[in-house]
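Participant: Sequence:
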Amino acid sequence: MKMQLHISPSLRHVTVLPGKGVREFIKVKVGSRRLSYRMVFYSLLFFTFLLRFVFVLTAVDTIDGQTRCSSIGCLRKKLGPRKNLQSSVPEVIYQILEDSSSKYDITAGSEADIPQTLEDFVSSLKGNNRPDAKTFAIKLKSMVTLLEQRTRKAKIQEYLYRHVASSSIPKQLHCLALRLATEHATNAAARRQIPSPELVPALVDNSYFHFVLASDNILAASVVATSLVYNSLRPETVVVHIITDRKTYSPMQAWFSLHPLTPAVIEVKALHHFDWFAKGKVPVLEAMEKDQMARAQFRGGSSAIVANKTEKPYVIAAKLQAMSPKYNSLMNHVRIYLPEMFPSLNKVVFLDDDLVVQTDLSPLWDIDMNGKVNGAVETCRGEDKFVMSKRLKNYLNFSHSLISNNFDANECAWAYGMNIFDLEAWRNTNISNNYHYWLEENLKSDLSLWQLGTLPPGLIAFHGYVHIIDPFWHMLGLGYQENTSIPDAQKAAVIHFNGRAKPWLDIAFPELRALWSKYVNFSDKFIKSCNIRAS
Numbered sequence: 001m002k003m004q005l006h007i008s009p010s011l012r013h014v015t016v017l018p019g020k021g022v023r024e025f026i027k028v029k030v031g032s033r034r035l036s037y038r039m040v041f042y043s044l045l046f047f048t049f050l051l052r053f054v055f056v057l058t059a060v061d062t063i064d065g066q067t068r069c070s071s072i073g074c075l076r077k078k079l080g081p082r083k084n085l086q087s088s089v090p091e092v093i094y095q096i097l098e099d100s101s102s103k104y105d106i107t108a109g110s111e112a113d114i115p116q117t118l119e120d121f122v123s124s125l126k127g128n129n130r131p132d133a134k135t136f137a138i139k140l141k142s143m144v145t146l147l148e149q150r151t152r153k154a155k156i157q158e159y160l161y162r163h164v165a166s167s168s169i170p171k172q173l174h175c176l177a178l179r180l181a182t183e184h185a186t187n188a189a190a191r192r193q194i195p196s197p198e199l200v201p202a203l204v205d206n207s208y209f210h211f212v213l214a215s216d217n218i219l220a221a222s223v224v225a226t227s228l229v230y231n232s233l234r235p236e237t238v239v240v241h242i243i244t245d246r247k248t249y250s251p252m253q254a255w256f257s258l259h260p261l262t263p264a265v266i267e268v269k270a271l272h273h274f275d276w277f278a279k280g281k282v283p284v285l286e287a288m289e290k291d292q293m294a295r296a297q298f299r300g301g302s303s304a305i306v307a308n309k310t311e312k313p314y315v316i317a318a319k320l321q322a323m324s325p326k327y328n329s330l331m332n333h334v335r336i337y338l339p340e341m342f343p344s345l346n347k348v349v350f351l352d353d354d355l356v357v358q359t360d361l362s363p364l365w366d367i368d369m370n371g372k373v374n375g376a377v378e379t380c381r382g383e384d385k386f387v388m389s390k391r392l393k394n395y396l397n398f399s400h401s402l403i404s405n406n407f408d409a410n411e412c413a414w415a416y417g418m419n420i421f422d423l424e425a426w427r428n429t430n431i432s433n434n435y436h437y438w439l440e441e442n443l444k445s446d447l448s449l450w451q452l453g454t455l456p457p458g459l460i461a462f463h464g465y466v467h468i469i470d471p472f473w474h475m476l477g478l479g480y481q482e483n484t485s486i487p488d489a490q491k492a493a494v495i496h497f498n499g500r501a502k503p504w505l506d507i508a509f510p511e512l513r514a515l516w517s518k519y520v521n522f523s524d525k526f527i528k529s530c531n532i533r534a535s
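First residue of the sequence shown: 1, per UniProt numbering; consecutive thereafter.
Note that these hints are calculated values from the structure, not bench results. All of these numbers come straight from a predicted model, not from anything done at the bench. Beta carbons: idealized from backbone N, C-alpha and C, even for Gly. Some clues are possibly wrong.
[Stated by the list, open to error] Quick list of in silico lysine-lysine cross-link-like pairs, DSS-like style, CA-CA up to 30 Å:
(1) Lys134 to Lys153
(2) Lys247 to Lys525
(3) Lys312 to Lys247
(4) Lys309 to Lys390
(5) Lys269 to Lys347
(6) Lys171 to Lys525
(7) Lys518 to Lys171
(8) Lys309 to Lys393
[Unchecked claim] Quick list of simulated restraints, FRET-style, between CB atoms:
(9) Ser401 to Arg246: 38 to 48 Å
(10) Asp446 to Pro313: 18 to 28 Å
(11) Ala185 to Thr151: 46 to 56 Å
(12) Leu330 to Ser401: 27 to 37 Å
Between the sequences and the hints, there should be enough to build the whole structure, so can you do that?
Facilitator: Encoded structure:
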């Protein structure tokens, strides 16, 4: 039915006339007030904005591939709550991406057909030949899988190169040892007895602070001893016992004879100088020989570790690090014989050669050990989740009944590197015999009780005999990662470069290396002649 609409000039009446011509009309009272032109203008402006908003929504939906619609119901759906976009993803995509079978694996020779970059992938979707959902998912999965394989391979190669770099002796250090060996043979001053005869009684005097350092690295031992004496408040009460092997003894003695750390007392001694070691039967030596034979026979060395296609890169990195000669060196096992090596001493602090002392360590002698033998920093609590998150399960194989029946997987681990040893309490325990027993058990089980290294048997042998000390005394991880906070490292009493990136290697982290190199005299004639530099 046709209708006619009449609005009076005053806008006070609206008349609706039927199309049949009958003068039936409907009057609508608008109000006594006049409608201003300003109100009409703002009303038109509002409706214009509303129409533009509706247009934008419709355009976006059209771009997304949704069907156009012009009904009020469709408009209500567009203006109402938006649907979850995930529900619009075809199910076939999920099926292919979640498929763990080898149906969609990359085959030999097919890499050329797989997009190498995201740009290539997007380009392959353009044009008239757009793939269906299944083809899209297969292509996407192939590209991601290929990139994962290449990333894994690159990471493992990096870990292998770092392993080789950290396991090798830099030519500068080899040069230093040779130069000092020559000096020892030709210069009487380099063969001078250390300590001097009048200071020998200090070696067994328990009123002194005794530190033990086992190393075959002359430069590293020098940094530890120098930083220790330099930061001591009473250096005249410090005794440093340096233990080395037969081949390093002469150059080590030459270095400390020519570079005395007066007024501290320095002793350099080789393992063959200890009577019990030269004449007796040393279980660790036998265990090391068997360990090396078993390792060569069953492990296949670093090549077999890298060839593993199923293990994650960080697991391979840990195994490569455990293969380092440092962990198979007798120098790393020496600490288990401290009571026999120093029968007259009651307490010593054992230091690794990859650390730096930054404060006076004499307060360590004031710590009440509560009858325990080993004072150490625990490694399961701390802000650094990479280094300070270690429990027994990270080192021991709890799938083996011999381990799971005797230890708690979630028990906190502790660190080697800077340890207080109460030798008097140690002599009343069976720690050393337990250490030898578990080494034998590991060999019998085909090295399956723990990861390679000397910390796992230490965790077992000292179990129940560890006193936890404040983490201020020993900061770990400077050889693992470069994001260690420099201010935090500077506040620690001892910083430990445990890990592959030793500060004397080219792969060391430059910012952290400076904390170590400050104790090297680069103007020394031996250092300069071997081209040892700060960076």
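Participant: If a hint holds in the structure, say so; if it does not, say that too.
Facilitator: Structure-based check of each hint:
no.	hint	in the structure
1	Lys134 to Lys153	holds, 29 Å
2	Lys247 to Lys525	holds, 22 Å
3	Lys312 to Lys247	violated, 39 Å
4	Lys309 to Lys390	holds, 26 Å
5	Lys269 to Lys347	holds, 19 Å
6	Lys171 to Lys525	holds, 17 Å
7	Lys518 to Lys171	holds, 21 Å
8	Lys309 to Lys393	holds, 23 Å
9	Ser401 to Arg246: 38 to 48 Å	holds, 41 Å
10	Asp446 to Pro313: 18 to 28 Å	holds, 25 Å
11	Ala185 to Thr151: 46 to 56 Å	holds, 52 Å
12	Leu330 to Ser401: 27 to 37 Å	holds, 31 Å
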